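Sequences listed follow chains S and E, in order. Our numbering numbers the first residue of the first sequence as 20 and each following residue consecutively. Our numbering numbers the first residue of the second sequence as 20 and each following residue consecutively.
These aren't lab readings, by the way, just hints derived from the structure by calculation. Hints should not be assumed to be uniformly reliable.
Since the list can't tell identical chains apart, any single copy or any two copies may satisfy a pair.
Keeping only pairs whose Cα atoms sit at most 20 Å apart, straight-line, the calculated SDA-like set for lysine to any residue is [claimed, not checked]: (1) K44 / G120; (2) K44 / G66; (3) K236 / E29; (4) K218 / Q197; (5) K95 / A228.
Small disclaimer: the values here were computed from a predicted structure and weren't measured.
There are 2 protein chains.
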Amino acid sequence: MIFRQLFEPESSTYTYLIGCRDTGKAVLLDPVLETVDRDLAVLQELGLTLEYSLETHIHADHVTSACRLRSLIGSKVAYPEMDGLPCADVSVSEANPLSVGSLTFQPLFTPGHTDAHHSYLIDLCVSRRVFTGDALLIDGCGRTDFQNGDAGALYRSIHEKIFALPCDTLVYPAHDYQHRHVTTVAQERERNPRLGGGKTLEEFIDIMAALDLPYPKRIDIAVPANRLCGDCPVIENAEAMEPPGPSVQG
Amino acid sequence: MIFRQLFEPESSTYTYLIGCRDTGKAVLLDPVLETVDRDLAVLQELGLTLEYSLETHIHADHVTSACRLRSLIGSKVAYPEMDGLPCADVSVSEANPLSVGSLTFQPLFTPGHTDAHHSYLIDLCVSRRVFTGDALLIDGCGRTDFQNGDAGALYRSIHEKIFALPCDTLVYPAHDYQHRHVTTVAQERERNPRLGGGKTLEEFIDIMAALDLPYPKRIDIAVPANRLCGDCPVIENAEAMEPPGPSVQG
Numbered sequence: 020m021i022f023r024q025l026f027e028p029e030s031s032t033y034t035y036l037i038g039c040r041d042t043g044k045a046v047l048l049d050p051v052l053e054t055v056d057r058d059l060a061v062l063q064e065l066g067l068t069l070e071y072s073l074e075t076h077i078h079a080d081h082v083t084s085a086c087r088l089r090s091l092i093g094s095k096v097a098y099p100e101m102d103g104l105p106c107a108d109v110s111v112s113e114a115n116p117l118s119v120g121s122l123t124f125q126p127l128f129t130p131g132h133t134d135a136h137h138s139y140l141i142d143l144c145v146s147r148r149v150f151t152g153d154a155l156l157i158d159g160c161g162r163t164d165f166q167n168g169d170a171g172a173l174y175r176s177i178h179e180k181i182f183a184l185p186c187d188t189l190v191y192p193a194h195d196y197q198h199r200h201v202t203t204v205a206q207e208r209e210r211n212p213r214l215g216g217g218k219t220l221e222e223f224i225d226i227m228a229a230l231d232l233p234y235p236k237r238i239d240i241a242v243p244a245n246r247l248c249g250d251c252p253v254i255e256n257a258e259a260m261e262p263p264g265p266s267v268q269g
Numbered sequence: 020m021i022f023r024q025l026f027e028p029e030s031s032t033y034t035y036l037i038g039c040r041d042t043g044k045a046v047l048l049d050p051v052l053e054t055v056d057r058d059l060a061v062l063q064e065l066g067l068t069l070e071y072s073l074e075t076h077i078h079a080d081h082v083t084s085a086c087r088l089r090s091l092i093g094s095k096v097a098y099p100e101m102d103g104l105p106c107a108d109v110s111v112s113e114a115n116p117l118s119v120g121s122l123t124f125q126p127l128f129t130p131g132h133t134d135a136h137h138s139y140l141i142d143l144c145v146s147r148r149v150f151t152g153d154a155l156l157i158d159g160c161g162r163t164d165f166q167n168g169d170a171g172a173l174y175r176s177i178h179e180k181i182f183a184l185p186c187d188t189l190v191y192p193a194h195d196y197q198h199r200h201v202t203t204v205a206q207e208r209e210r211n212p213r214l215g216g217g218k219t220l221e222e223f224i225d226i227m228a229a230l231d232l233p234y235p236k237r238i239d240i241a242v243p244a245n246r247l248c249g250d251c252p253v254i255e256n257a258e259a260m261e262p263p264g265p266s267v268q269g
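Just need the whole structure built from these sequences, with the hints factored in.
Below, the structure written as structure tokens:
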């Protein structure tokens, strides 16, 4: 599967391009009129043929490019059957999923925002995941003030190894203190308060130096225990330790 | 691939269970001593054999269960080679990835938090993605005050169709106003301010009724245009419209 999450800033709309690598066929989900040229360029760049535009619902905040795409490149217009639109070429419903190459978009009837709104499930697809431990966290990063930590090294690690990955790579960190579960390379490049928005090495080092974090409660037991792979003699003490609190992110 | 994101609340640590569906072999990434029993139960439930525990670094906030797992079920202990731990069975580095069944964990040297910290990339794996349009957004949901919107219906849609999916299903919404890109079913069940933490239907309806949102700027042009699949006569007007602002979430 080929996947792109594309953004239209005026209406803050995500358009998703999903293509089948084997057949070169693709779908644009919720395409926006103003970004037709960009979307056509991405299709060409990836060598994909647009089979369908597909909508989750009749949008109230932007105009779809479905019709324009059809007139420009002959793609078919797919809408939830329940919308009853005569301009649509193809209707989808829970009983009538949309197949493109080896991919299936399974419609899920999810009314409420509109009465015919549908979500779409792709149950089998290829993705890239990176597990970043305490290097890069969601809206944060690991501390650099113990265990030979080094803010400059962390900055380079994140830029050279994580931010260099494709934008939609899924980032699964080792911790989160606010019940967030996953992020992407693009999200952290854009909005991570310590690293995002093009912060320089010097800015990052200043931010890390100013954190003024407390001494980690468990460090004196955890580090020696972990240097023994968590071996048992030390573990006996570890079990009596206080809860650690949010020690790695600060 | 079989994937589980597991959470240890005292240190807010995510442990990742990654298994190969074909061979039944699995890896636990950053397992925590206190959750050994849970992790063994998950392995058993999924019919997986633990080949390795694997660490991103020597943790300072919790004790790994690597050694305990080895003594209980014979799994091998894998650490970054650079940590130089005699208790490890297997050492990994950028030049020495870890393969388990058909999966490869490619180490990425990411120092800074510690000087031997590694992230891991899995470049090809199977995931479940749901594209939720304006039904479920990150920390929000679509409006229900126009286009036959209905808060009760939206509540049921999200609970019955989205929240019923496996917890780690990736949720890709149609909008985000804060540069967030992706969420999961688990994240929204837990912390969505309108729906999470077990909010009742009545609470949700009250929240939606109290939003007091402005009339969407583009709705009178966008809805008719989209009912024509974005057909051109209406589009001419649409292009002259004001920017829409964050109208669907409120």
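Checked hints:
In this assembly of identical chains, K44 and G120 lie within 20 Å of each other by CA distance solely inside one copy; the values are 6 Å within and 31 Å between copies. Taking the shortest Cα distances, K44 and G66 sit within 20 Å of each other inside one copy (9 Å), while across copies they are farther apart (36 Å). Proximity of K236 and E29 under a CA criterion of 20 Å is satisfied inter-copy only: 12 Å between copies versus 47 Å inside one chain copy. Taking CA atoms no more than 20 Å apart as the test, K218 paired with Q197 passes between copies only; the shortest distance there is 18 Å, against 24 Å inside one copy.
Taking the closest pair of Cα atoms, K95 and A228 never come within 20 Å of each other, the shortest separation being 55 Å inside a single copy and 38 Å across copies.
In terms of the numbered hints stated before, the structure departs from hint 5 and from no other.
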